[in-house]
Amino acid sequence: MRLLFGSSALAMGVVLGAGTALAVDLTVVSWGGAYTASQQKAYHDPYMAENPDVKIINDDSAAEGLAKLRAQVESGNVTWDLVDMVASDAITACDEGLIEEIDPDAMLAAAPDGTPASKDFFAGTLTPGGTNCFVPQIVYSTTFGYRTDAFEGEQPSTIADVFDLEKFPGRRALEKKPIGNLEWALIADGVSGDQVYEVLGTPEGVDRAFAKLDTIKDSVVWWTKGAQPPQLLADGEVAIASAYNGRLFSAIAEKNQPIAMLWDWQVFDLDGWVIPKGTPNKDAVLKYLMFATDTQRLADQAKFISYGPARYSSGPLVGKHADLGIDMKPHMPTNEANAKTILNFDYVWWADHRAELDERFNAWLAK
Amino acid sequence: MAHELTTADGVPLRISLERALLRSRIRAALLVVPLMAFLLFAFILPIFDMLYRSVENSIVAQVLPETVVVLRDWDETGDALPDETVFETAVADIQAAFKAKTLGRLARRLNYEKPGMASLLRKSGRRSLRITEAPWSEQLIKIDRKWGDINLWRLIKRESDHVTESYFLAAVDMRLDDLGAVSWQPENRQIYLQLFWKTVWMSGLITILCLLLGYPVAFLLATLPLRTSNLLMVLVLLPFWTSLLVRTTSWIALLQHEGVLNDLMVVVGLISDDGRLQMIHNKIGTFVAMTHILLPFMILPLYSVMKTIPPSYMRAARSLGATPFTAFVRVYLPNTVSGIGAGSILVFILSIGYYITPALVGGRTGTFISNFIASHVSVTLNWGLAAALGVILLALVLALYLLYDRIVGIDNMKLG
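Protein chains in written order, with the numbering used here: chain G, 1 to 367; chain B, 1001 to 1416.
These are computed hints drawn from the structure, not numbers from a lab. Do not take every clue at face value.
Below, simulated BS3-like cross-link-like pairs (lysine-lysine); rule was C-alpha separation at most 30 Å, straight line [to be verified]:
| no. | chain 1 | residue 1 | chain 2 | residue 2 |
| --- | --- | --- | --- | --- |
| 1 | B | K1283 | B | K1307 |
| 2 | B | K1142 | B | K1123 |
| 3 | B | K1099 | G | K217 |
| 4 | G | K287 | B | K1283 |
| 5 | B | K1283 | G | K277 |
| 6 | G | K225 | B | K1142 |
| 7 | G | K177 | B | K1146 |
| 8 | B | K1123 | G | K287 |
| 9 | G | K177 | B | K1123 |
| 10 | G | K367 | B | K1198 |
| 11 | B | K1101 | G | K68 |
| 12 | B | K1142 | G | K68 |
| 13 | B | K1146 | G | K119 |
| 14 | G | K119 | B | K1101 |
| 15 | G | K303 | G | K255 |
| 16 | G | K277 | B | K1101 |
| 17 | B | K1283 | G | K177 |
| 18 | G | K68 | B | K1146 |
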């Protein structure tokens, strides 16, 4: 009896083993909503059509991605296979040894003309902050949108206008964290864009930034989730709001809200993939990653959401919006007309000062 | 002469009975085992793990194992830098940590104490590989002159213990200065003490608001005819079953600047279009939304107590000459004290730990300490500080609970 049971268990094991060798479930963590939908259509669906043995499961917890990833790796129980992260989080995760290192030319597809991946991704984007664990997908920007019916005559067009309550009265919405806001405050106060971090590196510079923020403090609604600012604009709660450009595009083009973009000193940031250390499906993930970050796939994603693909070779392939049929190129943050003035986060500087300035910012808010 | 009773098989009855009882006790215990195991692994152990994280500090000794040892002989109270041996060991430790990719975690840890350590260690990691021979100190200082700062070595020595008090100090707006003495944070960075205080007094006010609004409702529920009171009960329970997020966002739609309530007041002429009231994204928003969300936790215990008070008590008091007011204050109210106590402590403790609602409607002035704990857990990843704040909050709740026990008595509480 025991013998019989043992052998049938063995047989079952063989069957199951064969089954798992054939089919792989990949858990891919991303931001949910329109963003995951764009990845589903541009990456997941075509990949699953080509590889029927792979099933991609979406997990929408990227907002707590870093914390959950650290918990998984620390407890040795890694259930995620691929995680979508912003560059600053990827730097932390890489520094802490939570994610796999990436060898771009071996692991990522070359451009159609044969340019190796290490040269085809935007310069420096594969190695944010000097780390080497990150595969960028998109360049997104945090920029401003304003209500077109809020001001008579002249419309706001510069970052200084955002801070000018006399010329452009009305409430503002800003993200509830110091990153970005301090830089903008300094630029609005007359510091030139390439000297922002130099000025911010001095105590007087920080005071100056907070003093500038003081001038609009009483008129600011602070947001914490990306979906809030377009909603605040649409409801007429605020006249000008900082927001992710893709969210603004969706409110303007897809939902026809009376909102316009203000591209002055948009803050560029990167969003991309990282592979958790200890994923049980590393080979399958690498195969997927090679596909999902090739030139065509990155260009395809821009059909569904207005974020710029992070490869040089993808740029010319960006076409029309999948449903609306409008040309997506003018809506890309990387488009020449929009990117006249851009600010790149200094990740290394922020890694040093974030904890300190977070506290100061929160103390300032509570006052 | 009493002789011992035995069962049919000769075993003394007493022993046989005990055996039977023991068996049933074990059976009963076994039934509880799954729950106990679940509580142990899913609740009690994680709490202890969290408590421990608030003082845990093995990272420095882990990443710089040899440096920590040789630093013991260095006198940090003097004004001389550590000697060449320390620098040599530190270079070796940094090189090894860079290769093992553990330097990043050390960088984060030390950066909490001294801004600038993150970039210093990151920079030094790769470049330290070039240092292969003496002079060690000179070359390390050449990478970054911060290595020649005596306070940096004081910091490393101070944090080389396996436990640290610095998270708890940070949680009460204090810090250790370069010489290891406790001092206040600079004033523009002090935030947590006032947040604890704000959390407590706002929760207290929310509890009082819940009591004022909930008491009459519970009274109606307990005294109206069954048909009407059942309908009323549904009205109390329906929001209770609705998603927290839905209820919170509905309040945003109602109270916001261009929201329903403001629109209504403008139409009626109570306020002008320019004078719309700010009722959300501030303390008022938190009060209103939290009071609404926590109201059922006040009404239900009150209701269950009021249901047990016979209506004849009030009639008796009236017939003995009491005014309705006196009858209520002297007879009815004292009978509901256990319900008031239960509801209040329930609402207060829930409120003190709430974070989704204050995060959404609290704006910059109406957020609680729990919002910061959540942010340190999931955004800044400073789990040590989050744990320290959590421990203080836990201690605060326990202290208030004991105080409550002293004043009202926990036996007087009645949850239903």
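The hints, checked one at a time:
1. Between K1283/B and K1307/B the CA atoms are separated by roughly 35 Å; this puts the pair beyond 30 Å, and the hint is violated.
2. The straight-line distance between the Cα atoms of K1142/B and K1123/B is roughly 12 Å, inside the 30 Å bound, and the hint therefore holds.
3. A C-alpha spacing of about 46 Å is found between K1099/B and K217/G, which places the hinted pair above 30 Å, so the restraint is violated.
4. At most 30 Å may separate the alpha-carbon atoms for a hinted pair to count; K287/G and K1283/B exceed this at roughly 51 Å.
5. With a CA separation close to 43 Å, the supplied pair K1283/B and K277/G exceeds the 30 Å bound.
6. Taking the CA atoms of K225/G and K1142/B, the gap is about 44 Å. The hint is violated against a cut of 30 Å.
7. For the hint pairing K177/G with K1146/B, the CA-to-CA distance comes to about 29 Å; that is within 30 Å, so the pair holds.
8. A threshold of 30 Å between alpha carbons decides the hint, and for K1123/B with K287/G the separation of about 33 Å lies outside it, so the pair is violated.
9. The hinted pair formed by K177/G and K1123/B meets the criterion: a straight-line CA distance of about 26 Å does not exceed 30 Å.
10. Simply put, K367/G and K1198/B have alpha-carbon atoms about 12 Å apart, close enough for the 30 Å limit, and the pair holds.
11. The hinted pair formed by K1101/B and K68/G meets the criterion: a straight-line CA distance of about 20 Å does not exceed 30 Å.
12. A C-alpha spacing of about 39 Å is found between K1142/B and K68/G, which places the hinted pair above 30 Å, so the restraint is violated.
13. Distance hint between K1146/B and K119/G is unfulfilled; the C-alpha atoms sit about 35 Å from each other, more than 30 Å.
14. Distance check on the hinted pair: K119/G and K1101/B sit about 26 Å apart at the alpha-carbon level, within 30 Å; holds.
15. Straight-line distance between C-alpha atoms of K303/G and K255/G comes to about 16 Å, which keeps the hinted pair within the 30 Å bound.
16. Our distance criterion of 30 Å between C-alpha atoms is met by K277/G and K1101/B, whose separation comes to about 12 Å.
17. Of the pairs offered as hints, the one joining K1283/B and K177/G holds, with about 19 Å between alpha carbons and a cut-off of 30 Å not exceeded.
18. Distance restraint check for K68/G and K1146/B: the Cα-Cα separation of roughly 34 Å exceeds the 30 Å cut-off, and the hinted pair is therefore not satisfied.
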